[in-house]
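Starting from two chains that each stand alone, build the complex the way the hints lay out.
In order, the protein sequence lines correspond to chains A and B.
For the first sequence, the positions run 385 to 531 when this note's numbering is used.
For the second sequence, the positions run 4 to 113 when this note's numbering is used.
Where hints are given, some of them may not hold.
Quick look at which bits of chain B chain A covers, simulated, 3 or more residues with Cβ under 8 Å [said to hold, decoys possible]:
1) 31-39
2) 43-56
3) 59-71
4) 76-88
5) 92-100
These are computed hints drawn from the structure, not numbers from a lab.
Glycine included, every Cβ here is placed at the ideal spot set by N, Cα and C.
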Amino acid sequence: MVVTAKNPVHSVLYLIIAFFAIAGHYILLNAQFLAIVHIIVYAGAIMVLFLSVIMLLNLNKDNEPAKSNVLKLAAVVAAGLLLVTFTGTLKGTESIIASQPYDDQIGYVKALGKVLFNDFLLPFEVSALLLLSSIIGAVVLVKHDLK
Amino acid sequence: MENISAQITQVAPLEHYILLSAVLFSLGVLGVLIRRNVIVMFMSIELMLNACNLLLAAFSAFHSSAAGQVFVFFIMIVAAAEVAVGLAIIVMLYRNIHSIDINELSKLKW
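Same shape as in the complex, but just chain B (with noise of 0.2 Å):
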């Protein structure tokens, strides 16, 4: 088991990781900036999350500290919270507006 994750180290430097984590995070971004549903906006912002969690991740594996993976623990924890409560608003819209258009939502109060 050690040869193989010490192969990989060496094989997969940490540039790789990097750049994955940055492509990732570019594409959450655009998501977030293209598209009109609130829905798919949302899935963007957990895909920028993971971005940073698997960046985290590659660090604290390079770095052999355990603390990297206890603080993507910890934003594994953040992010499901942050899931309720943001679908709980999306359905309270919803019902409110009958409508994801996020042109729809452009004024708090109606």
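With the rest of the complex left out, here is chain A (with noise of 0.2 Å):
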């Protein structure tokens, strides 16, 4: 639906609705710190961020001019074909997995955060600084006059 929806806003809506959905299945995984960084990053940020682009680019109708049909029809088959060829790859992976024993644990912050800042405390720096480069990015290319 939010392929099909003619109009942006509905679009973001239904987006909504499927981030909320994947956050479900985080739960349903036990990974519940990252349902919650889920719902506040992406239902949080990145929709607003979305819906106030569409509001300010005043884009709430739907004029955009269809694609001709063989078109769709070619898009279509093509990822059919992807999602075949997807399936057919990952289909061998579970028995590599079924004979791990199962630990609940590690969803929790206490063991994601132990993880976070012992094995991966460089990636964790140098993605400040790719969020403080991106905000100075997004500010730049935004503002008018740059003199």
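What follows is the structure, given as structure tokens:
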């Protein structure tokens, strides 16, 4: 429905529903931290950004010219072939995983924080730098007269 | 709690998550292919990123390894940065050519 909705605002709203569904899947997978971060980042920040840009550019009207039917059919066929390829490729993986013992503590904040700040400290700092540079980049791009 | 999650892993095996992620990713690809609105294409890219995230989280939960969930966390950070810069680019393009139709953007110089 994100794809088929004509109005971009409806598309964003359907995308929010999809994001909440994915957050529910994270909770079912016992990854509570990921679920909370997902809701905060996507439903809280990214969707507000999308909606505000759509309102800012005043795009909430469906004046989008449709592509030809042949092109749409080709796109559907290509996406379907991609789906078949993915399922075929990933089908054989579960036998590798099945022998692992199940540990239900890894999704909690305590365990994740230990891993994040012990094994992944350098990527964490680099991602902070990345966020800073993206803030600066966005401001520089949108600013009118940078003299 | 552990009983519930153990039951969930029995009820919903890994193949279902793989299938769901594949379907979600293919829907994202479909959206990029058939839509012309740049913002909708951008949202489809977000859908693809989320499919990858869901697959990583599922593998990490079934593999009992926290590294996968940390990777998902980093992917979310990169997605947030990408959305900020991408929307800034879209706003700038709209100011320049007053349209977000993808066919208008076929030349980088005008």
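We went through each hint and held it up to the structure:
no.: 1; hint: 31-39; result: holds (count 7)
no.: 2; hint: 43-56; result: holds (count 8)
no.: 3; hint: 59-71; result: holds (count 11)
no.: 4; hint: 76-88; result: holds (count 12)
no.: 5; hint: 92-100; result: holds (count 5)
Checked against the numbered hints above, the structure violates none of them.
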